[in-house]
Structure formats: structure tokens, C-alpha cells
Amino acid sequence: MIKGNFIDNLPKVYGIYTGGFLAFIIIMSIGEQMGMTSKAIGICFVAFTVAIYAIIGYLSRTAQADAYYVAGRQVPTVFNGMATAADWMSGASFVAMAGGIYFKGYGYMALLVGWTGGYVLVASLLAPYLRKFGCYTVPDFIGTRYGGNLSRFMAVVVLTVASFTYVTAQINATGTIASVALDIPFQYAVYVGLISILLCSMLGGMRGVTWTQVAQYIVLIIAYLLPVFWISNKIGAGFFPHFMLADEVSRIAELEAQFGFVKNSAENLKEVPKGLAGITKAHSAVNATPWAFISLALAMMMGTASLPHVMMRYFTTPSVKAARKSVGWSLFFIFLLYSSAPMLATLSKLSLMDPTLSTGIIGKSITEVQAIDWYQNWNSANLMFISDFNGNGTLELNEFFMGGKAVVLATPEIAGLPYVISGLVAAGGMAAAMSTADGLILAIANAISHDVYYKIIDPKAETAKRLVVARVLLVVIGFAGATIAALEIQGILGSVIWAFDFAMSGLFFPLVLGVWWKRANKEGAVAGMFLGLVSGAAYLVWVRSGGSGFLGITQLTFGIFGSAVSLVSMVVVSLMTSAPNAATQKMVDEVRIPSGKSILGKQH
Amino acid sequence: MSKQEQHWEKSRGLLFMTLAIWFVFSIGIFLFGAEMNEVTGPFGYPLTYWFTCQGSLGIFVILIFWFANRQEKIDEEFGFSERGDD
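Residue numbers (our numbering), protein chains in the order written: chain A, 68 to 671; chain V, 287 to 372.
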């Protein structure tokens, strides 16, 4: 069936894979009809998809540095776009984004704008130039452009801080999903998740991660879109929700006005389980100040352009031209999911709020709601809660509480979809969290093995030895991440946003000015990375420990402060010290034109 | 001015244009979020709400492809484009 080169056969291979996955969904739904239990369906979905990823990871094994670090630089634009989209969309995007929109409305939408707008910066300021450079890792660029081990090492430090903050959240998410789907305690499920993650990346490095990420994208996008379209059709909201929910959006505004946002007393709120929230903000009205919105969007955009696990995906394209196009495809594939999240939030909210719909619960009697099956299920999973605060026997809008994850996880069940959809959603969430965790762990391990071990400690190391070091680091970092994740310190979304702020504090300006300002030198870059990261972190600690902050910069946007410090210190220190030498200046000129040899050789 | 300097000047011009469009749809319009939301936008959604759900996101996708094509044209004009692979 498949002849010749694997790369030439990609559309066919993934076409068969997609068909196989759809067939699997159909088999599962037949199984459900024939009496398969929901637990068995959940286990089948997660086990089947993870097994496929593991097989792809095994088939992609390699002993070459070029394949291990940059997938042999032969990933076609569209497939690299899919892989980047999976790399990018984390467990948080998949499970928590629709919930964030559901509860916070406009103020939260800044994240959607920020997490997409950042790609314009990636495409225009950085990706093509870093591709021309021919580096293996982001610190590889910093170290060669500015020269010296100190700048390289500082870049590794920033990368590790940002990516590690991010990866614990992802391992946490794989653990959460594995523990629900496989019905095992979270502390063990985290390690099940970790082993699944390592199966994808251990043997094949970037090559393995690339081809599993494409497979994971296909699973996660089907798992996200299918329920959205299905629910929309089922409740009669329109067959293409994205273009047809205007009436539903205005109906929600109408109901909000009718019910009103009643503020609960602190005493009543004590009853509500931790992590659950009620609907307290308007769905489609502007409920944040311009600066609150813009500062969050800006921080996420600059953070996007500084996160190494995304940047390194563009090192795998065959050419500079392909790198540019590939950014466009990445954003297109991300757009498919991001533009659906607000639709899911709308459908979910309307089906719960509207008393004229059979699924609506607001306005019903408390005992009636307590008797509903899905309410009991999600209540026992600690994701839903109702209480009759005013004692009138009827459920009011302010008496209904839900966890953010429930919007994605529970809406299919509320709308009366078969359980097979819930199993599919679990597989999608697992794919989203695994693909991002893989990209992040690989980014950290590659930076330490290539930049610290090979470039600084032992430049004469042979390829075989380098790859052993890289793999050992992969396992060590994975286990460190899982151990911290098992402690369950912070929520999924908070730590994801911090990662963006750390990355932009330390890396945004050293990367951008490295291409766009010839005068930028080593001393300036080291100062920019060091002071940016330290001041950003200090600001975060200050605000977290009760500091008031300034200019409306919060703990979610501290990167704006960090990157401003980074820019100023980089420019001032660069101008106070001598200009980079002629060889470096010539190197920057070379980077600016797409044709010709890359700066760093094929094997370096 | 050398060929390379001319090429860079044009590339920089394209960058500024791209960033200007990016700025308008990621930051500029949200200065007037509350006012704009009074207007009915595409498909009947409130305008600001539509931009945050679909509008800005879709414009970014188109903007990147447009940028990539324009940059390719500039590279070809000066003979700096790569041959063959895509």
C-alpha cells in the first residue's frame, strides 16, 4: 500500500490514520449500544490512542544528531503546522479554555487574541531568521550570535525556567485525565502519563515528537469539534455554530438581565467546594478595562514569540520559505480550535440557563435538579454544586456552581450525547496535554544536552554519546516534572500563563534584537536576559506576597515589566560596550537573506 | 546602496506594515472595546465580541500568509530566494 519515501507518503499515511480513528469511534459507539460500560469505553479510548503514539515513537527511532534534534529538517509546511498546533495547544487550551470564557467572558478573551496574535510576531520577526541560522536549539542561536558560553548558558537558564513552569502543568493534566479515564489514583496516574509522554520522544527525539504530534493533532481536533457541532445541531442552535450563534448570544444576554447577577454573601460561598465558580460576569459584554485586556494580550503575544518549544518547531522545515508558510499553517490549525471554544461556552451556558430548553436547570426546583443523573455524576466528581441559599426551593443563577473543566467535560453529557463522545473528549485532552509536554521536555533536554553538555562541557563528544546524554536528561527532567506535578501545587492555567511571562522577560528582546539590531552585543544580551528574568520574577514574588504592583501590571502580566527592564538594560549595556566584531556583523547580514548556506553546518 | 541593503530595506518596510496591521487588530481596536460592542458585527454578533472570537484570530491567519507571500516576492526580486524545496 505504501511505497517509497515516508515523507512523500505523508498525506496517505495520515489519511489512513484518520480513517482508522473515525472507524474506531464508530466501533466504540456500536459497543456502547451493545452494552459496553462507560468505564470500558474510556479505557479503550485512552489506551488505544496512547498505543498508537507509542508505535509512531518507536518507528521514528534514530541515531543521528540531525534527526534527533531537528527531525532531519524535512518536515513539510502543512504537517509542521499540525505538529506545532498540537505542540502549542496544551491540556489547558483543550480542557480549561472554554471554561475560562464561560466564567470570565471578555476579560478572558484577551488570551485568545494573545495566543494567536503572537504568531504574527513569530512569522515576521523571528522564525525565518532562526531557521536560516541553522541552529538546533534556541540557546544555540543566542550562543552563536552573541558569542561566549555565558550568553548561551543564560539562555538555557531562561528556557528551563519558562518551560519547566509550563511542563508541570501539562504532566498534571495528563495525570488528571489518566486518573479519570483509567480509574486509578492521581499519584500513580501522573507517572502513567509521564511514561506515555516519554514513549513518544525517547527513541526518536524531535523526529518522534513531530510525527506523534501530527497524530495527536488529528485526535484532539476531532475530539473538540465533533461535540461542538453535535450539540449545536442537537439543541437546534444551527448546523454551523460559528456563523449561527448570534441569537443564542443575545438570548444569554437577555436571560442575564432577567435573572440578574446576585452577589452571594461570603458565608454562603464558604459552602461551595474549592475551585467551583458561579456565573457572575456577562457573556458577551465588555467587562474589562482596555488596559487590562490589552496588557494581558500583549504579554501573551510576546511570550508566544519567546517560547523555545514553539520556536524550535520551525527549525525542522526544509527551507526558510517553508518556515514562514508553516507559521501560517500552524495558526490556521490553532484557529480551528480557538474559534470553537467560545461557541462551546455559549452552547454550554445556554443549555444550562434557558428554562425553555429541556436541559435548562435555572428556575427549576432544587429537588428536581438534584435528581438529574448528570448532576449527581458531576457533583460526586466535585465539578458541580447547587445550594438553596435563599431558601425558596428554586434554583437561582447565583446558586449554581461549576468547575472550569466541566464546560468541556460535562457539556456533551448535559446535552444528552452518547458516552462515546465523553471517551473521545478524554482522548483529545490526553493528546493535547501529551503533545505539549513532549515538546517542552524535549526543548529543555535538548538545550541542556546540546548547549551545556556538548557546546560548553565536552565539545569533542561523539554523536552516540551526545544522544545518550540527551535521552538520560529527557527521562530525568520528565521525572522531575512528574514529581512536582504529583504535589499539585498550582492550578493548570495559572502556571501556563507564568511560563509566557518568564519567557518574554528573559528571551524576547535578546532574540528579536539579535536579528534586527546589529549593534546588539554579548554584554547587552547577557544583561538583558539576566536582569529581565530576575526583575520579572521579583515582581511576581512581590505581587504574590501582597504587593500592590504598578501600572495595572498583575501577576499574570509581570512579563511586561520584566521585558521592559530587559530591553532597557540590553540597549544601555550594548551601547556602553564595544560593537560586535566584523565577523558577527557579517553573520547577521547572512541571516537576513534566505538563500545560501546556513550559518551553522548540518552537523554541529 | 548594495543589493543586500536594498533587500533589507524592503524587508523592513514589509515588517513595519505587517506589524502595523497586527497592532490594529491585537491592540488598537480593543482601546474602544466597549463602544464597538454596541455595533452589530458579522453574523449578527456584537462587534467586539466577534473580534475576540473569530475576527482578530482569522485576520492574523490571513496576515501571516500575506506576509509570507510578499516576503517571497521581495526575495525573488533580489535573487535571494531558495530554489526547489517547499
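These are calculated hints, taken from the structure and not from any lab test.
A couple of the hints might just be wrong.
What the hints assert, rightly or not - Think about it this way: if two alpha-carbon atoms lie no more than 35 Å apart in a straight line, the pair counts; the simulated DSBU-like pairs of lysine-lysine are:
| no. | chain 1 | residue 1 | chain 2 | residue 2 |
| --- | --- | --- | --- | --- |
| 1 | A | Lys431 | A | Lys301 |
| 2 | A | Lys79 | V | Lys296 |
| 3 | V | Lys296 | A | Lys653 |
A quick look at each hint next to the structure:
A C-alpha spacing of about 22 Å is found between lysine 431 of chain A and lysine 301 of chain A, which places the hinted pair at or below 35 Å, so the restraint holds. A threshold of 35 Å between alpha carbons decides the hint, and for lysine 79 of chain A with lysine 296 of chain V the separation of about 40 Å lies outside it, so the pair is violated. A threshold of 35 Å between alpha carbons decides the hint, and for lysine 296 of chain V with lysine 653 of chain A the separation of about 19 Å falls inside it, so the pair holds.
Hint compliance for this structure: hint 2 alone is broken.
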